[in-house]
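Asker: Protein sequences, first through last, are from chains A and B.
For reference, each letter of the first sequence is one residue, going 1217 to 1415 in my numbering.
For reference, each letter of the second sequence is one residue, going 1217 to 1415 in my numbering.
These are computed hints drawn from the structure, not numbers from a lab.
There may be inaccurate statements among the hints.
One copy or any two copies: either way a pair holds, since identical chains are not told apart in the list.
The calculated lysine-lysine pairs, modelled on DSBU-like cross-linking and capped at a C-alpha distance of 30 Å, are [unchecked claim]:
# : residue 1 : residue 2
1 : Lys1325   : Lys1276
2 : Lys1368   : Lys1325
3 : Lys1368   : Lys1276
Protein chains: 2
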Amino acid sequence: VTRLDFWFEFASTYSYPAASRVGALARDAGVTLRFRPFLLGPIFKAQGWNDSPFNIYPAKGRYMWRDLERVCAALSLPLRRPSQFPRNGLLAARVATGLPEQSVEAFAKRVYRASFAEDRDIAEPGVIADCLDGVVPDPAQALEAAQDGAIKARLRETTDEAVELGIFGAPTCSVGRELFWGNDRLEAAVAAARAAGRD
Amino acid sequence: VTRLDFWFEFASTYSYPAASRVGALARDAGVTLRFRPFLLGPIFKAQGWNDSPFNIYPAKGRYMWRDLERVCAALSLPLRRPSQFPRNGLLAARVATGLPEQSVEAFAKRVYRASFAEDRDIAEPGVIADCLDGVVPDPAQALEAAQDGAIKARLRETTDEAVELGIFGAPTCSVGRELFWGNDRLEAAVAAARAAGRD
C-alpha cells in the first residue's frame, strides 16, 4: 500500500483547512494516510526568516488572510483571525509527536480549531489539555510525555526528514519523494498515492 | 459589465499556463478580460530580492519546476525548462504595453511559448519580432514603439497600479479590488467576476 504523508505545522494557516479535509479525501480514495507534525521555524530560520513570511511581506500576508477567508468559507469552516500570529506551535507539535498514530488527526483538528476559529493560545498547556480531552484517555499524561527528551528528539528528526525531502512550507503532502505543497494540492497528492498503489 | 484584469509578468513561470487558459475561461463565463503586463522586478527589489525567489530559495525553486511540469502536463502544454531563469521580460512587457488591447493575449501566449517551451531568449528583439509575426500588421513598428518614452512611462504606471492594488506576485487576477493570486485561482476569479456582473 502506498502511503500519503501529510506534513503540517500548527502555526501554518493553510494547514488548517488542509487538516480538516485530507482525512476524508484519503479514506475515500483508499489511501493510507499518516499525519506528520514538524516545525517550520528551523526551516524558515535557515533561510534567514525570524518571523512568518506573511508578516515579513505585508502584501502577501494581507492577501493570505483574505484568501484563507474565502477558502474556509467555501468549506464552511469557521475562521477568526488569531489576535497573535504566528502562534507558537512547539508544545502542540511535541504532544502530537508523542500520541499514538491513530489519534494525531483528531488532536490536530482540535488544535487548529482552537487556534484559527476560537483564537486561543495553543502555547498554553491548558488549551492543549482541552484539545486532548476525548482524544486520549489521559490528557495530563500526554502533556507530560511531550516534555520527554525522546519525544523532543523525535520531533527534531521529523523536521530533519522534512528538510531532507525538500519541504519548505506547510502543509505539504509527500508520496515517496514526490511533493505536493499547499491545501490546493491535496487532491493531486491523493490521486498520486492512489496511482502509485495500483502499480 | 464587470471586468477581470489578468496581471502577468513575462518572466513568471506560472503565468505561462495561466495565460494559456484564462481567455477561454473568461469567454465561456461571459466575463470581459483585460491582459495587464507589469513588472515584478521593482516589486521584488522593494522587498529586498535581487533575483527570483525561486533562485533565492532553492527548495522552493526545485519544487516549483516539478510542480510546473505536472501543471503543464495536465494541460498538454509543452514545457522546456529555460536555460536561463529568470529571463528578462522588460522588452516584451514594453511591447505588450504598446499593443492594441485585443492583440495582447495572442502576443503574450507567443512570448510564453518562446520562453518556456522553446527556450528562446525573449530579451532578444528578433525573438520578440517572431512573436509579433501574424499578431500585428507591422512587427518592426511595434518593436520600435516599445522604445517610446510614453510607453515606458505607461508600463511603470501599470506596475505602480499593481503595487497599489496589493499585488505581490504573478499571475494575479483582480476583480475590483479583490485579488486572486496564481494559476490555481483563475476559476475563482472568473466566478467572482461573473457574480459581480450579476449584481
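Asker: Next, verify each hint and record whether it holds.
Answerer: Hint-by-hint comparison with the structure:
1. Lys1325 / Lys1276: both (25 Å within a copy, 27 Å between copies)
2. Lys1368 / Lys1325: within (21 Å within a copy, 51 Å between copies)
3. Lys1368 / Lys1276: For lysine 1368 and lysine 1276, the Cα distance is within 30 Å only across copies (27 Å; inside one copy 32 Å).
Checked against the numbered hints above, the structure breaks none of them.
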